[in-house]
Each structure stands twice: as structure tokens, then as C-alpha cells.
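Taken in order, the sequence shown gives residues 4 to 71; the numbers are from my numbering.
Accuracy of the hints is not assured; some may be wrong.
Mimicking DSS-like on lysine-lysine, the simulated pairs with C-alpha atoms at most 30 Å apart in a straight line are [said to hold, decoys possible]:
| hint | residue 1 | residue 2 |
| --- | --- | --- |
| 1 | Lys33 | Lys60 |
| 2 | Lys60 | Lys32 |
| 3 | Lys60 | Lys44 |
Restraint-style ranges between C-beta atoms, simulated for each label pair [as the list claims (entries may be wrong)]:
| hint | residue 1 | residue 2 | range |
| --- | --- | --- | --- |
| 4 | Ala53 | Lys32 | 16 to 24 Å |
| 5 | Lys32 | Thr71 | 15 to 23 Å |
| 6 | Phe10 | Arg57 | 31 to 39 Å |
| 7 | Gln23 | Asp46 | 17 to 25 Å |
| 8 | Asn54 | Phe10 | 20 to 28 Å |
Since the hints were derived computationally from the structure, they do not count as laboratory data.
Backbone N, C-alpha and C fix where the C-beta goes; we use that ideal spot for every residue, glycine too.
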Amino acid sequence: MKSFFLFVLCSLILFQSSAQVQELEVFRKKQAFFIRYDQGKTDSIPRTEANTARLRKELEESFLQFAT
């Protein structure tokens, strides 16, 4: 988990992307939601392996949209 966010941080520093503001906002919101979900601070989605995998995949896809 920590290595994933370290990867994201390093990628943000290394990539000189010209991403749109909207893509950045989507990524930021998905990241904030995933962190709250991972810490058990959200009641809207039960914490299961399937949900964790789905949310992680969505977060990775939104990051790729932002970075490319």
C-alpha cells in the first residue's frame, strides 16, 4: 500500500505531463476516497478483497489518465 503511493508520488515528480485540471481532480478524488476506504472510514462500500481490487484498479486507471 505504501509502496503504491510512493510510486504515485515519484511518478508525479518524474513525469513532466501536461495533464488537464479535470484529470487531476478526478485522480485526487479517487485517491482520497481510496485512502478513506483503506482506513475503514467509509460506510458506503463494504471492505472486501473484490472491492479493494476494483477501487485500486480504478485509482491506477485515473492516474494513467492523468499522467498521459
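Hint check:
1. Lys33 / Lys60: holds, 11 Å
2. Lys60 / Lys32: holds, 14 Å
3. Lys60 / Lys44: holds, 20 Å
4. Ala53 / Lys32: 16 to 24 Å: With a Cβ separation near 21 Å, Ala53 and Lys32 satisfy 16 to 24 Å, so the hint holds.
5. Lys32 / Thr71: 15 to 23 Å: holds, 18 Å
6. Phe10 / Arg57: 31 to 39 Å: Violated: the Cβ-Cβ distance is about 19 Å, outside 31 to 39 Å.
7. Gln23 / Asp46: 17 to 25 Å: With a Cβ separation near 32 Å, Gln23 and Asp46 fall outside 17 to 25 Å, so the hint is violated.
8. Asn54 / Phe10: 20 to 28 Å: holds, 21 Å
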